[in-house]
Amino acid sequence: MEKHAEQTKQTYAGWDAFYNRESKEKLDFFTVNDRIFDVVLAEQFDRSFLNDMCALADKIRLMAKTRMGAQKLKSLLPTKRAMLYFVQPSTRTFLSFLNACQILGMTTSEIRGTTTSSEVKGESQEDTIRTFASYVDLIVARHPEAGFVEKTAWVLNNSDRPVPVINGGSGPDQHPTQALLDIYTLERSFSNIGGLDGKKIAMVGDLKRGRTVRSLSYLMENYRDVTLYYVAPEVFKIKDDVKAFLDRRGIRYFETEDFQSIMPKVDAIYMTRIQDEYAECPENEEKSYPDFHFREDHLRLIQPHCVILHPLPRRYEIDVAVDKDPRAAYWHQERNGMWLRTALIAHLFKVDHEINAEFS
Amino acid sequence: MEKHAEQTKQTYAGWDAFYNRESKEKLDFFTVNDRIFDVVLAEQFDRSFLNDMCALADKIRLMAKTRMGAQKLKSLLPTKRAMLYFVQPSTRTFLSFLNACQILGMTTSEIRGTTTSSEVKGESQEDTIRTFASYVDLIVARHPEAGFVEKTAWVLNNSDRPVPVINGGSGPDQHPTQALLDIYTLERSFSNIGGLDGKKIAMVGDLKRGRTVRSLSYLMENYRDVTLYYVAPEVFKIKDDVKAFLDRRGIRYFETEDFQSIMPKVDAIYMTRIQDEYAECPENEEKSYPDFHFREDHLRLIQPHCVILHPLPRRYEIDVAVDKDPRAAYWHQERNGMWLRTALIAHLFKVDHEINAEFS
Amino acid sequence: MEKHAEQTKQTYAGWDAFYNRESKEKLDFFTVNDRIFDVVLAEQFDRSFLNDMCALADKIRLMAKTRMGAQKLKSLLPTKRAMLYFVQPSTRTFLSFLNACQILGMTTSEIRGTTTSSEVKGESQEDTIRTFASYVDLIVARHPEAGFVEKTAWVLNNSDRPVPVINGGSGPDQHPTQALLDIYTLERSFSNIGGLDGKKIAMVGDLKRGRTVRSLSYLMENYRDVTLYYVAPEVFKIKDDVKAFLDRRGIRYFETEDFQSIMPKVDAIYMTRIQDEYAECPENEEKSYPDFHFREDHLRLIQPHCVILHPLPRRYEIDVAVDKDPRAAYWHQERNGMWLRTALIAHLFKVDHEINAEFS
Chain A
1 MEKHAEQTKQ
11 TYAGWDAFYN
21 RESKEKLDFF
31 TVNDRIFDVV
41 LAEQFDRSFL
51 NDMCALADKI
61 RLMAKTRMGA
71 QKLKSLLPTK
81 RAMLYFVQPS
91 TRTFLSFLNA
101 CQILGMTTSE
111 IRGTTTSSEV
121 KGESQEDTIR
131 TFASYVDLIV
141 ARHPEAGFVE
151 KTAWVLNNSD
161 RPVPVINGGS
171 GPDQHPTQAL
181 LDIYTLERSF
191 SNIGGLDGKK
201 IAMVGDLKRG
211 RTVRSLSYLM
221 ENYRDVTLYY
231 VAPEVFKIKD
241 DVKAFLDRRG
251 IRYFETEDFQ
261 SIMPKVDAIY
271 MTRIQDEYAE
281 CPENEEKSYP
291 DFHFREDHLR
301 LIQPHCVILH
311 PLPRRYEIDV
321 AVDKDPRAAY
331 WHQERNGMWL
341 RTALIAHLFK
351 VDHEINAEFS
Chain B
1 MEKHAEQTKQ
11 TYAGWDAFYN
21 RESKEKLDFF
31 TVNDRIFDVV
41 LAEQFDRSFL
51 NDMCALADKI
61 RLMAKTRMGA
71 QKLKSLLPTK
81 RAMLYFVQPS
91 TRTFLSFLNA
101 CQILGMTTSE
111 IRGTTTSSEV
121 KGESQEDTIR
131 TFASYVDLIV
141 ARHPEAGFVE
151 KTAWVLNNSD
161 RPVPVINGGS
171 GPDQHPTQAL
181 LDIYTLERSF
191 SNIGGLDGKK
201 IAMVGDLKRG
211 RTVRSLSYLM
221 ENYRDVTLYY
231 VAPEVFKIKD
241 DVKAFLDRRG
251 IRYFETEDFQ
261 SIMPKVDAIY
271 MTRIQDEYAE
281 CPENEEKSYP
291 DFHFREDHLR
301 LIQPHCVILH
311 PLPRRYEIDV
321 AVDKDPRAAY
331 WHQERNGMWL
341 RTALIAHLFK
351 VDHEINAEFS
Chain C
1 MEKHAEQTKQ
11 TYAGWDAFYN
21 RESKEKLDFF
31 TVNDRIFDVV
41 LAEQFDRSFL
51 NDMCALADKI
61 RLMAKTRMGA
71 QKLKSLLPTK
81 RAMLYFVQPS
91 TRTFLSFLNA
101 CQILGMTTSE
111 IRGTTTSSEV
121 KGESQEDTIR
131 TFASYVDLIV
141 ARHPEAGFVE
151 KTAWVLNNSD
161 RPVPVINGGS
171 GPDQHPTQAL
181 LDIYTLERSF
191 SNIGGLDGKK
201 IAMVGDLKRG
211 RTVRSLSYLM
221 ENYRDVTLYY
231 VAPEVFKIKD
241 DVKAFLDRRG
251 IRYFETEDFQ
261 SIMPKVDAIY
271 MTRIQDEYAE
281 CPENEEKSYP
291 DFHFREDHLR
301 LIQPHCVILH
311 PLPRRYEIDV
321 AVDKDPRAAY
331 WHQERNGMWL
341 RTALIAHLFK
351 VDHEINAEFS
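Protein chains in written order, with our numbering: chain A, 1 to 360; chain B, 1 to 360; chain C, 1 to 360.
Among the hints, erroneous ones may be present.
[What the hints assert, rightly or not] Here are the simulated BS3-like pairs of lysine-lysine, each with C-alpha atoms no more than 30 Å apart in a straight line:
1) Lys59(B) / Lys72(B)
2) Lys24(A) / Lys324(C)
3) Lys350(C) / Lys65(C)
4) Lys59(A) / Lys74(A)
5) Lys24(B) / Lys200(B)
6) Lys65(B) / Lys324(C)
7) Lys265(C) / Lys208(C)
8) Lys24(A) / Lys239(A)
9) Lys74(A) / Lys239(C)
10) Lys350(A) / Lys237(C)
11) Lys74(C) / Lys65(A)
12) Lys59(B) / Lys74(B)
13) Lys200(C) / Lys65(B)
14) Lys26(C) / Lys324(B)
15) Lys26(A) / Lys324(C)
16) Lys74(A) / Lys72(C)
17) Lys350(A) / Lys65(C)
18) Lys324(C) / Lys200(C)
Hints listed in this document are in silico derivations from the structure and should not be mistaken for laboratory results.
Could you build all of it, start to finish, from the sequences and the hints given here?
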């Protein structure tokens with residue numbers, strides 16, 4: 001690690017200044033001709049983009065059901081090659097992106113973990129990134145370091161070989177494609193009752209550090225008249241910056257430690273687990289906070305149309321017995337991730353119109 | 001590991017009762033419309049199925065020899081995606097399945113080892129399995145735990161997204177595709193002398209724990225008038241359950257510690273190595289039991305048509321000098337594994353008739 | 001490791017005698033019908049072959065720029081399967097070969113590191129190699145052991161299933177495809193000024209152990225009137241065997257420790273890093289030898305057409321600020337590696353004429 005610190009002598013100039021800008025000020029940098037080029041921050045998604053992605057994912061899902069449709073999808077990007085650079089362990093996000101690439105006919109390279117990487121030879125992160133870009137047409141990256149994926153996009157956009165970068169999770173804050181698939185799942189779940197606008201959503205568990213909850217909260221500014229219920233023990237309460245954001249945007253929210261009291265009120269319950277990876281004090285988390293679990297007997301308390309989501313993996317937060325209930329949406333949510341990511345990649349490579357044309 | 005023990009609180013109900021049934025009582029559960037859906041147990045294979053697989057593998061092998069034929073094969077499953085979940089180290093079985101998938105045009109995802117898996121986040125095995133099924137159309141699994149792959153198939157068949165599961169080796173007992181490829185190799189080796197019916201086969205080495213020997217023994221019930229010779233030191237003798245099975249089925253067998261005495265009698269010699277992985281007392285095995293090795297000078301003792309098999313990897317059991325003899329069939333056997341597994345996958349996805357049609 | 005030593009009892013006969021021959025005496029063994037079959041040693045490349053590879057790589061690069069061209073390339077080897085066996089960590093070479101295979105439509109299997117390999121079960125290297133050959137049509141191997149890849153080719157050429165082998169780096173000496181891509185980069189850089197013939201090239205850094213410098217020096221025998229400048233601290237001077245070779249071939253060279261003095265004289269500067277992997281005394285190398293670095297202010301000293309190369313990864317040898325200068329060729333060099341390796345594989349599988357036909 002000291003070696004790594006020394007390397008920063010070799011760092012590219014200008015990054016720190018860029019990184020410290022407000023998110024909204026950065027968006028242009030990740031956009032080319034009014035189209036998202038790099039997917040780095042959830043703040044890049046506006047209502048129109050979110051709607052497009054949901055509609056596109058729906059179409060892809062339908063096409064994939066038939067042999068002809070699946071072959072059409074696979075014919076869209078046969079000569080494009082993607083790099084999956086997953087420094088942080090991840091089964092779900094990794095497989096989801098990998099299969100999304102394969103659905104579109106892309107071939108892939110994988111670096112998982114850091115041991116096989118040239119980083120062991122003392123190469124700087126920036127050089128490693130440029131190396132990946134030398135060989136492929138798309139980089140999907142996941143990294144434990146906040147800002148890493150943003151830096152990746154920044155380095156490449158400053159080089160003479162920019163390739164699109166997708167953030168597959170970067171440090172404690174950013175995981176924009178998870179937020180996208182959560183929106184997609186909510187919109188699908190509410191498709192017969194007017195979509196996400198006007199709904200009441202509870203978010204439960206570790207709201208302090210869970211990046212999915214944070215991103216999802218921010219995206220609510222795109223929907224009308226949503227009410228949020230933050231349900232967490234004192235130690236894992238949602239952070240003030242999120243609340244300040246909601247206040248500025250006029251989004252209604254409540255905080256409570258009484259999970260059962262809000263169960264009958266809400267249209268969706270978004271469960272999360274305690275995030276060991278970023279734990280400051282893991283011992284405290286060994287208590288599994290049973291008051292913030294969803295148990296089988298809770299099914300009697302929630303509304304008939306209320307859906308239960310979870311980014312997975314789960315530990316104890318949801319009884320396995322709940323899975324059989326039609327309101328348990330987390331397994332669909334997981335598979336939605338693959339369709340949504342397929343849609344996203346199709347959009348980046350501008351083959352979305354070829355998919356849309358199949359339905360016209 | 002304690003964590004894992006705790007997780008079992010979250011386990012799916014009903015598995016234990018299923019697992020403890022007799023094999024023959026389980027077969028229906030892995031069958032859909034009279035066709036094998038999951039490949040879990042060697043007991044699933046009857047003579048008709050074994051004949052079909054051998055014939056199909058022969059056709060695939062032939063087609064692969066020409067560019068047109070190989071392209072036809074690759075066009076069979078272009079939109080299907082497989083997951084190779086290999087928790088236990090394995091080069092051979094892994095590569096064999098991977099290339100089998102590629103021959104049919106499938107794309108693949110790999111999880112090898114457990115470190116990159118979500119299991120580190122405390123997810124239950126069942127949830128991990130369901131996650132894989134969310135993204136792919138076929139799961140090939142290998143695991144050190146007895147019954148793991150069976151459980152995989154059981155979990156998925158009880159979910160709303162069952163995908164076929166193939167057992168690539170599960171614990172000390174089950175490795176059904178190895179048994180399949182052994183049968184295929186024997187049938188091919190004897191193709192000019194009436195096939196496997198009526199043949200005498202010696203199995204040599206660690207018969208106590210070697211799962212290939214056990215599975216192969218069970219499959220002999222499908223062939224007429226086969227005689228088995230079990231050649232092993234006292235400590236590695238074939239177990240009583242196998243002998244009881246053979247007695248019930250009326251299959252003739254002999255046990256001996258005198259390898260040389262049976263060499264001139266048999267039509268095939270199936271060599272095996274000592275399995276360190278499951279060793280209770282590894283020190284004892286450091287002696288390599290030279291009386292149970294096949295040496296170059298033994299070639300003079302065996303019949304001109306006698307074939308020598310080995311599931312590989314070998315250590316000292318067969319002299320390298322034996323490889324050049326045309327009766328050494330183990331390298332063909334290894335490649336046969338790829339063709340046979342290709343046939344098996346083609347069968348599961350019901351494209352076997354498209355292959356057969358090429359020869360009509 | 002003792003286990004491994006014991007295994008050599010099982011080694012294939014004849015290897016040692018072969019290995020100890022002069023390189024030039026071995027070349028026929030890696031050639032079939034006057035065409036290179038295995039790519040093992042830089043000595044296999046003559047001027048005509050080097051010219052062909054450079055021209056072919058240029059064509060591939062052009063074709064890949066258009067969708068039609070890229071699809072044509074991908075249609076060349078759709079039914080061929082490659083194995084990438086990378087025991088030694090390597091991001092660049094690995095990705096470069098992997099993407100080269102994908103460009104031509106090949107599918108791939110990977111073994112990276114040794115932990116997932118059957119070697120843990122005590123299998124000999126030779127058997128592991130034969131196993132790979134059972135499943136695939138091409139093996140690309142990288143190994144820390146000198147001669148390993150040569151042995152791979154030797155074993156397979158002595159078996160009844162020879163498949164082509166490409167050396168992706170084997171021990172401290174051999175890395176022939178790096179030499180190829182260096183030649184390609186130099187030839188491209190000088191395409192408007194008569195190519196590599198007659199040029200002056202400085203090689204800087206760890207010349208003692210850097211295999212790229214050694215290979216590149218040897219290949220200079222194929223070019224007319226080249227002058228080499230070896231710039232290194234005493235402890236990392238080029239070895240006597242290379243100098244003896246240059247003397248025999250009448251290639252002019254100079255040695256110096258004064259980097260700045262030769263900067264204005266040369267047409268290319270080939271920078272290298274200190275190779276920790278083979279370090280006998282790593283402490284000494286912690287000093288980063290700043291006199292042998294290329295700094296931003298050096299750009300004023302070199303000629304307008306002088307190119308700067310580096311096999312990458314770099315540490316401190318070249319200032320990041322140098323990257324923006326058009327004479328910095330190392331990032332192009334890296335991507336050239338992918339095109340060159342694509343050309344090489346196309347040549348091995350005899351589809352080079354199909355590429356050439358696109359331009360006739």
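Under the criterion that the straight-line Cα-Cα distance not exceed 30 Å, is the pair Lys26(C), Lys324(B) satisfied? Holds, at roughly 23 Å.
Agreement of Lys24(A) and Lys324(C) with the hint, judged by alpha carbon distance not exceeding 30 Å: holds (29 Å)
Can the restraint linking Lys350(A) and Lys65(C) be considered satisfied, given a maximum Cα separation of 30 Å? It holds: about 17 Å lies between the C-alpha atoms, which stays within 30 Å.
Decide if the proposed pair is consistent with the structure: Lys59(B) and Lys72(B), CA atoms, cutoff 30 Å inclusive. Satisfied, since the Cα-Cα distance of roughly 12 Å is no more than 30 Å.
Holds or violated: are the alpha carbons of Lys59(B) and Lys74(B) at most 30 Å from each other? holds (14 Å)
Against the 30 Å threshold, does the CA-CA distance of Lys350(A) and Lys237(C) hold or violate the hint? violated (53 Å)
Between the alpha carbons of Lys74(C) and Lys65(A), is the straight-line distance 30 Å or under? holds (26 Å)
Agreement of Lys24(B) and Lys200(B) with the hint, judged by alpha carbon distance not exceeding 30 Å: Measuring from Cα to Cα gives roughly 27 Å; hence the hint holds.
Are Lys26(A) and Lys324(C) close enough, with their CA atoms no more than 30 Å apart? holds (23 Å)
Sort out whether Lys65(B) lies within 30 Å of Lys200(C), counting only the CA atoms. Status violated; Cα separation ~50 Å.
For a C-alpha distance cap of 30 Å, please report whether Lys59(A) and Lys74(A) respect it. Roughly 14 Å between the alpha carbons, so the hint for Lys59(A) and Lys74(A) holds.
Proposed proximity, Lys208(C) with Lys265(C) (alpha carbon, max 30 Å): holds (23 Å)
In this structure, the hints that do not hold are numbers 6, 9, 10, 13, in rising order.
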